[in-house]
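Undergrad: Fit chain B to the known structure of chain A by using the hints.
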Amino acid sequence: MEQDNDLADSSARILGRLNRNESRSACGPSDAIQVFINERRVGCLGGNDADASFQFQRQGCVDQIQLRSEDGAVLGSLSAPECGFRAVRIPLSRGTVELRIHNTAEGGSASALFTPSQRRWAGLLRSIVESARAMISPQPSPAAVRGIRAVIVTQALLAVVVLGTAADRIAAWITPERSGYSDTHAEAPPAVPQADVAKLEQQVGDLARMQAKTWEMVQSQRQDMAQLQLAVAKASSPQNHGGVVMPAARQKMGERQDVAAQDTGHRSPVSMGSAQMEQERLEAEIHNLTTVNARLSKEMAGLVEQNHDLEKKLKAAGSETAKVAVARQESGLAARRSERERHVSMTPHADARDNAHPFLFWVNFSEGATQESIDRWMHDMHGHRVAVNGGWQEVEVLQPSMPADRFLEKVRGAKIVKAVRVDR
Amino acid sequence: MADRTAVMGRLEDVVSTPEEFDRVVSQSLPILLERTRNSMRRYLRDIGQWSEDTAHEKFVLRWSAEYLEQFVLAGRSDVPCRPLFLLDAFVAKLHSRPEPFCYHPELLTPLGRFLDGLVARAVVSRDALIALYYHCYGMAPRDVIAVTGLSESESQRIYKNFRRWRESGWQRTMEMSGMTDMELEELVDQQECHRQQFNHEAEHIIRFAQDHYRKSEPDYYPCLSRREWEVMFSEAYGHDYRLWHLALCMNCVETTWELGRKRISTIEKPRLEIRIRP
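Protein chains in written order, with the numbering used here: chain A, 1 to 424; chain B, 1001 to 1278.
Distance condition first, Cα-Cα at most 25 Å in a straight line; then the derived BS3-like pairs of lysine-lysine:
| id | chain 1 | residue 1 | chain 2 | residue 2 |
| --- | --- | --- | --- | --- |
| 1 | B | K1215 | A | K418 |
| 2 | A | K213 | A | K313 |
| 3 | B | K1093 | A | K415 |
Pulled from the structure, derived: some chain B residues nowhere near chain A, Cβ distances all over 10 Å:
| id | residue |
| --- | --- |
| 4 | S1051 |
| 5 | L1184 |
| 6 | R1275 |
Worth flagging that the hints you see were computed from the coordinates, not collected in a lab.
All C-beta atoms in this analysis are idealised placements derived from N, C-alpha and C, irrespective of residue type, glycine included.
This is chain A alone, in the form it adopts within the complex (with noise of 0.2 Å):
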C-alpha cells in the first residue's frame, strides 16, 4: 500500500514537472547550450553572449537533434525523418537557436547556429542615438561632442582592423599552402595514432569555431557600423542647423548674462543644475561606450591571436602527420617492392595485379554476425584485419578485383556487414 502511494506520488511529481512545462535550466546566459545528435553529446553552443555556429556530418541518418543547458534541463528539440530536410528555429532567453537537418541516402547532416539577442547592441545604439540627441541641445557640451567623436574614431578604426584580419583570414584559406596540406592529409593512409587524429580533430574544430565566431563579429561589426553612420548623419544635419544660429545666439547670451547676473538668480540655478546633470549623464554614458569598445578592441585581438597561434598549431600537427604518413608509404612502398623483386626472381611471369597498391576501408558488422561468419568473410575477400575501433574493423585488400567503388557495393551487399565506410 505504502509503495503504490510512492509510486503514486512519484507520477504526479513527473506530471507535474511536465505539465509546468517552463524552462527548467537554472543556467544563466553566458553558460554554454550542449548539443546533443542521435542523444550522444557532440559539442556546445558557445555561451558569452558570442555567435556560435555548430555543425556535423554522419554518415547514417540523423535522427533527431536536441538542445540541453549545462544542467541537463532540454531546450529545444528536432526530429527529421528519414529522408529529406527539416529545420526550426527555437527561442531562447539570451537570443535563438536555428535548428537544421538534413538527411539524404548518402548520410545525414545537421547544424546548429545561435543568434544572440539584439538587446545588447540595441542598447548600445540608443545609447549613441540619445547622446547624438543631446549633441544637439540649446548648450551642447564640448566634452560629450569630443567624447562621441573619440567613440566613432574608435569604432571605425576597430571595423578596419577586423575587416583587415577577415580579409587576411580568407587569404589564408585560399592559398596554395592549405591546399596542399588537403592533398597530403587525403593521400594519407587512416593508420595514423588516434591521439593524435584526436588532437588534430580539435585543433580543427577549435580552428573552424575560432574562424565563424570571427566572421559572425565581423558582420555584427559591420551593422553596427552601418547603424551608428546613419544615427550620426541624422544627427548631423540639426547640428548643423545650429552651427549657423549659435554664434548669433551667443552674442544674443553674452548680452543676457550681463542682465542677468544683476537679476535674483534663481532662475539660473535649476537650469545650471539640470544641465551639469545632463552633461555627467552624458559622460557616464559616454564611459561606457568606451568601456565596450575597449573590451571589444581587447576581445578581437585575443580572438585574431589565437587564430593565429591555432593555425600554427594545425600546420605543425599537419606536417607530422604527413610525415608520418609518407614514412609508412614509404616504409610500405620498400617492403612491397622487396617482396615483388622476390617474387620475380621466384616467378618470372608474375602477375601485373602484382602493382597494385593495398584497398583499407572500414566495416561494422551486424549485430548477429559471429567471429566464424567474419573470419569467412575476410577469407572470401582476400583480406585481414588491420585495426579494431569503437566496433569498427579496418580491413586491408591486397588486391581488390574489380574498381573501389563496385567493391565497396560487394562489401556492402554482404549479410553480415552492416555498414562500410573508407575514411578514419
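TA: Then chain B, alone, in the frame of chain A:
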C-alpha cells in the same frame, strides 16, 4: 470516463500545427504517461526482464517520464500527425535500438537506482558530470580542476557546476530516479554501518553503469593509454575529453592521477567513496 474518451479522441485526431500539438499533449499528459508505461512493461515482458514488483514499476516510471519529455519536445516538429500514434512510433523506435536503457537487476535496488540516476544524468548534464567526481571520490571543485588539469578560464565553470548541482541539480536527479527521502536516509545509514561492503557494492554497480553510459560519448572519446594521456596533459589540449571521459572511467582517473602526482600532490589517490548528499 467520458472525459477520458474525449481526450483519447483528440489524441487520435490529426493535429496540424506545433501549437495545436502542444495544447493537445499538455491536456493529456496522464494518459500519455500511462500509455508509455504500458509500452515499456510490454517491452520488458517481451525481452524477459519484467517482474511484478515495485522496483520494476519505478524503473518503468522513470524511463517513461524520460521518453515522454523527449516526445513532448520532439513531436512538435513532426506535425501534421496523430499524437497518440506518434507516441507509439516514438517509443517503438527507441525500443528498436540494441540497448535503449541500462538494465541490470542490481540497478533496481535503492543503491543501484541512486548510482544509475547519477551516471545517467551525467550523460546529459555537465553539472551532474562534474558532480560525479564528488559523489564518487569526494573531490571538491579545486581537486577536479587539479586532476583534470583545467586552464584558468575553464575553472570558473567547475565552481558554477558545483553550485547549481547543490542548489537544484541533485534534488531534480533524485526525483527523476524515484528516490525518496527515506531511501536516501537508509543509504546513508547503510554506508555508516557497513562502509566497506557498501563501497564495494557501489563500485561493482558504478563500473557497470559507467560502461553502459560511456557509449553515449562521441566516438572519438575512447580510453587512452598512459602515454597518450601524458601527451594530452603536457600539451594542454582535450579539456572536454578529460572532463567527460575521466568522470565516467575509474581506471583512467587512476592513470591520470598517477601521471600528475607531482602536480597534484595535495590530492590523495582517487578511491571510490560514495557521497550520497551533495
